[in-house]
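Q: If you read the sequences in order, they're chains A and B. Residue numbers for the first sequence follow our numbering, beginning at 196 and rising by one. Residue numbers for the second sequence follow our numbering, beginning at 34 and rising by one.
FYI, nobody ran anything at the bench for these hints, they're computed from the structure. Misleading hints may appear alongside valid ones.
Stated by the list, open to error - Here are the simulated BS3-like cross-link-like pairs (lysine-lysine), alpha carbons at most 30 Å apart as the crow flies:
| no. | chain 1 | residue 1 | chain 2 | residue 2 |
| --- | --- | --- | --- | --- |
| 1 | A | 296 | B | 56 |
| 2 | B | 71 | A | 296 |
| 3 | A | 415 | B | 56 |
| 4 | A | 382 | B | 184 |
| 5 | A | 296 | B | 67 |
| 6 | B | 167 | B | 184 |
What the hints assert, rightly or not - Ranges between beta-carbon positions, derived for each pair:
| no. | chain 1 | residue 1 | chain 2 | residue 2 | range |
| --- | --- | --- | --- | --- | --- |
| 7 | A | 397 | B | 48 | 18 to 28 Å |
| 8 | A | 319 | B | 49 | 40 to 50 Å |
| 9 | A | 294 | B | 79 | 25 to 35 Å |
| 10 | B | 48 | A | 211 | 44 to 54 Å |
Ideal Cβ positions, reconstructed from N, Cα and C, are used throughout, including at glycine.
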Amino acid sequence: MASELTTQSYITHHLTNLTCGKTPSGWTCDPYKVEQMGFWAFHVDSLFWSIALGSLFVFVFRRAISKNQDASTAPSGLQNFVEMSIEFVEDNVQSLFGSVKNTLIAPLALTVFVWILLMNLMDLIPVDFLPVLAGHIAYLIAGDGVEWIKGPESLYFKVVPTTDPNITLGMAFGIFLLTIYYSITVKGFKAFIAELTLHPFGKYLIPVNFVLEMVNFIAKPVSLGLRLFGNLYAGEMIFILIALMLFFSSIPIGLMGFGLHLVWALFHILIVALQAFIFMALTIAYLAMAHETEEH
Amino acid sequence: MNINATLLAQAVVMIVFVAICWKYVYPPILSMMKEREKRISDGLEAAKKADDSLEEAKLAFDKELNQAKAEAAEILEKANARASQIVTDASSKAEAEAEKILTSAATTIENETNKAKEELRQQMSDIIIDTTQKILGDEISKEKHEDILKKAAEEL
Numbered sequence: 196m197a198s199e200l201t202t203q204s205y206i207t208h209h210l211t212n213l214t215c216g217k218t219p220s221g222w223t224c225d226p227y228k229v230e231q232m233g234f235w236a237f238h239v240d241s242l243f244w245s246i247a248l249g250s251l252f253v254f255v256f257r258r259a260i261s262k263n264q265d266a267s268t269a270p271s272g273l274q275n276f277v278e279m280s281i282e283f284v285e286d287n288v289q290s291l292f293g294s295v296k297n298t299l300i301a302p303l304a305l306t307v308f309v310w311i312l313l314m315n316l317m318d319l320i321p322v323d324f325l326p327v328l329a330g331h332i333a334y335l336i337a338g339d340g341v342e343w344i345k346g347p348e349s350l351y352f353k354v355v356p357t358t359d360p361n362i363t364l365g366m367a368f369g370i371f372l373l374t375i376y377y378s379i380t381v382k383g384f385k386a387f388i389a390e391l392t393l394h395p396f397g398k399y400l401i402p403v404n405f406v407l408e409m410v411n412f413i414a415k416p417v418s419l420g421l422r423l424f425g426n427l428y429a430g431e432m433i434f435i436l437i438a439l440m441l442f443f444s445s446i447p448i449g450l451m452g453f454g455l456h457l458v459w460a461l462f463h464i465l466i467v468a469l470q471a472f473i474f475m476a477l478t479i480a481y482l483a484m485a486h487e488t489e490e491h
Numbered sequence: 034m035n036i037n038a039t040l041l042a043q044a045v046v047m048i049v050f051v052a053i054c055w056k057y058v059y060p061p062i063l064s065m066m067k068e069r070e071k072r073i074s075d076g077l078e079a080a081k082k083a084d085d086s087l088e089e090a091k092l093a094f095d096k097e098l099n100q101a102k103a104e105a106a107e108i109l110e111k112a113n114a115r116a117s118q119i120v121t122d123a124s125s126k127a128e129a130e131a132e133k134i135l136t137s138a139a140t141t142i143e144n145e146t147n148k149a150k151e152e153l154r155q156q157m158s159d160i161i162i163d164t165t166q167k168i169l170g171d172e173i174s175k176e177k178h179e180d181i182l183k184k185a186a187e188e189l
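Pulled out of the complex, with its shape left as it was, chain A reads as follows:
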């Protein structure tokens, strides 16, 4: 890693994932060998935070009920929060799903909502805090043994998983698989294929229909994943640019950077919650579509 800190290196450092993968010379996380890894590389930082926050979600929600097993005592604190989230999700599922009974939808929506909310919230932690901390820890632990860690700043570490398109598209992909599964099981394979081929021009233009419907079909998960990624990536980018004001400018601009950071963080809370909600609502909507049996 270059020892001199420039605007470009600062931004690049913040936008690069810690990538581990297999190179011809074995497994490594060396940022200079990412090209050699090809497809089978993993963004360890994104996955770490993704799993950590998912576990936090499961832990917190499990704890809320195990602490207060019976329904005879009044709920308090954490349990109120948990029940509020569940009621919120139940309401949304009810309004979008109507009478269709599927016990998976509500837990899925809850997981998606809380998980994405937590991942988005990582954006509100000051941009340099965790990467620098992780870099120092890595240097302290592995500084001698691993040849590519030459200093605290040679470790790339992205904190917000939802600014990684792999994460958002990965979730969208999971939901895409679920929509296909439910389309086939609820409507039947034939009806599913018919839906993809017999609209909008009838049976004489099947290839055209198929191309049009496929675009429509694929666009849903792609837009679902990219919407979340785009919003959070842009938010993160602005945080990085504001942070640059603090380090590369004069004192007045630096102070303005403080103010802007506060303003943007407050505004970003809205985006964080809104994007999590949109992702959840669309997840429910797409699954509801997969359950619709009537012609449209």
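Based on the hints, put chain B in the right spot on chain A.
A: Just chain B now, with coordinates in the frame of chain A:
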């Protein structure tokens, strides 16, 4: 920012978390919430029932109280009537007694008066005779003028 196997890993991770939530997190919370909802509605129902019965008890209490009050008033009235009755009885009795005493006293007085008169008459006649005897000597004796004496006594 390139797409790589992280995508698949994340999809797998998501499926795992959704499955955990579906099996172990969501159902117990939801069932507990439903149960509590039921408990609360039961509790409200019970509270409403208790309220109703309280109202009923209050009404019964009021009724009883009013009845007791009426009874008490009645008793009081009776007692008053009786008391005045007793007073009138007593006073009329006393009056009668007084009258009786008065009459008997009047009779006694009359008798005494008559007795005294009789005695006086006797003494008078004795004195008169004595005096007359002394004046007239033996001309007049009690035995001789028995009739005249008696007549005179009666006239006195």
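Q: Does the structure break any of the earlier hints, and which numbers would those be?
A: 4, 7, 8 and 10
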